[in-house]
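Q: Residues per chain, in single letters:
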Amino acid sequence: MWQLFVRWFHKWSSPKWFYEMSKPWSFWLGWAALLITTTAIIWGLGFAPVERLQGNSYRIIFIHVPSAFLSEAIYVTIAIAGAIGLIWRIKLAYYVAKICVPLGMSMAFLALATGAIWGKPTWGHWWVWDMRITSMLILLLLYIGLWALHNAMERPESGDRAAAILALVGVVNIPVIKFSVNLVTTLHQPATLKFTEKAPMHISMLIPLLLSILGFYLAFLALMLVRSRIEILRRERKAKWVQQEIEQLGNR
Amino acid sequence: MIKLVQHTLQRELTLAYRRRADLLNPLFFFVLVVSLFPMGITTDLDKLTEMSGGVLWVCALLASLLSLDLMFRNDFEDGSLEQMLLSSAPPQVIVLCKIFCHWLVTGVPLTLLSPLLSIMLALPGHALPVLMASLLLGTFSLSLIGSIGAALTVGLRKGGLLLTILIMPVLVPVLIFGTSTVQAIVLGLAWPGYLAFLGAFTAGAFALAPWLTVAALKVSVCD
Amino acid sequence: MPFENISEFIAMGGHGLYVWLSYAIAAVVIGYNLISPRMAKKQLYKEHQRKLRREQS
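Residue numbers (this note's numbering), protein chains in the order written: chain S, 1 to 252; chain X, 1 to 223; chain R, 1 to 57.
Because the hints were derived from the structure by calculation, they are not lab data. Careful, some of the hints might be misleading.
Said to hold, decoys possible - Below, simulated BS3-like cross-link-like pairs (lysine-lysine); rule was C-alpha separation at most 27 Å, straight line:
1. R:Lys41 - R:Lys51
2. R:Lys46 - S:Lys23
3. R:Lys42 - S:Lys238
4. S:Lys240 - R:Lys42
5. S:Lys16 - S:Lys91
Predicted model only: the values in this text are computed from it and were never measured.
Next up, chain S with everything else stripped away, as it sits in the complex (with noise of 0.2 Å):
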């Protein structure tokens, strides 16, 4: 089993080879994410019910929430790929870290935007110091020291592994970071915002909900495929193979 897994591993980290394998797989995976994304949003747009205490404002919910978990699951990806890099000195881990900044800071931006866009109207500010506002800030300032690190550095093999140390860094600190300001948070206001609280969802809102998170996890795999694919051919631009690639793709 452990042979069959390390024969398994070793395959899918030669650029060579990810990249030919994962070309049906970024086809199918971005496909059905498009399908069950577009169903979750038209059925949370215009069918799901309307909520008793926000009204419609909180059909929001069906790309914050999404947005949110995945820029978390993001960074821990990122966190993951550095440290396989640095272990085991994998290139293509390294590839995967540094295409999934730009992926995670967009969803951490989006969170937090349509965050700011929700709290208008629910609780009549557009920025509240809520713990996991606060959170979500702190982990766009963290995805930009990362796309920063990957700037500054005139070699990207140094860039790759002085982000992946980073990244370690700042996934260690993240439980401690959400504690540290769920205590500053619970110092200084008193409860008022605890109906953000997950209260229990209506089925008929948790669906598309559920859905919309499915479509926004696969539509992260496939573009993560689709990036690293290119990440591999700039970087990999002195093998044979890769010029004949690049070659291809004005064809297209």
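Following the hints, position chains X and R against chain S.
A: Here is chains X and R on its own, set in the frame of chain S:
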């Protein structure tokens, strides 16, 4: 081992003494920024009391971030950093000594300066020992975590600003635990818990930071 | 059905601005993420062609 620690500490402190003008800059910065706050926000002493802990903490963080960039830079430029990494001595110990010295020449003076500034911000007298204890612990964990950032950016010509961007979000817990401690004692709440959190964070940073810093230094030096 | 007609759907019970603004931002962000790989591919191809031309001349 003890000899190694002794030698490194001696060397670091001698070097720090030779560039003592650089070491004064964070202190000046600290005094300046803290005295800007009352002019910018309010001169009402009651309001100042309420926010004094936070102001002192934020300014102390910024001031010691200023000097972080210098932690490895000179050693990197004259090549002695490479020698340290190549030598048979455990580099983690050397790095830990450097971190300790950085704290000794920035964190400790900042803490010693804080009583003076706390008077300007009308911090109640009974809160002062707690403020100093929290600053001592907090600046140490800042030096520990900051060393990772300093090691990552040492190879870059303009690493200073990038270093701040990288390290700031990671330092949020230090800031929160520190200000909560001070605010708790000012408001008459139980403060030892917050100080304990800060201590736990520092202990965690103490255990992990040297290894990560050495890994980061290897990236910066070897490439 | 929560909405009787299309204008009610657009008004969102008075919250139309907020709902549609956030969906618009989402569309922009996701759209950018979908387009940028294509742009990167084009960029790669262009750079490759430039390199080939340089080698020939």
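Q: Keeping to a limit of 27 Å between CA atoms, is the pair of Lys240 (chain S) and Lys42 (chain R) held or broken?
A: holds (19 Å)
Q: Do the alpha carbons of Lys41 (chain R) and Lys51 (chain R) lie within 27 Å of each other, as the hint requires?
A: holds (15 Å)
Q: Given the hint that Lys46 (chain R) pairs with Lys23 (chain S), test it: the Cα-Cα distance must not exceed 27 Å.
A: Roughly 22 Å between the alpha carbons, so the hint for Lys46 (chain R) and Lys23 (chain S) holds.
Q: Please work out if Lys16 (chain S) and Lys91 (chain S) have their alpha carbons no farther apart than 27 Å.
A: holds (12 Å)
Q: Would you check the hint for Lys42 (chain R) and Lys238 (chain S), treating anything up to 27 Å between C-alpha atoms as holding?
A: With a Cα-Cα distance of about 18 Å, the restraint between Lys42 (chain R) and Lys238 (chain S) holds, given a limit of 27 Å.
Taken one by one, the earlier hints all hold for this structure without exception.
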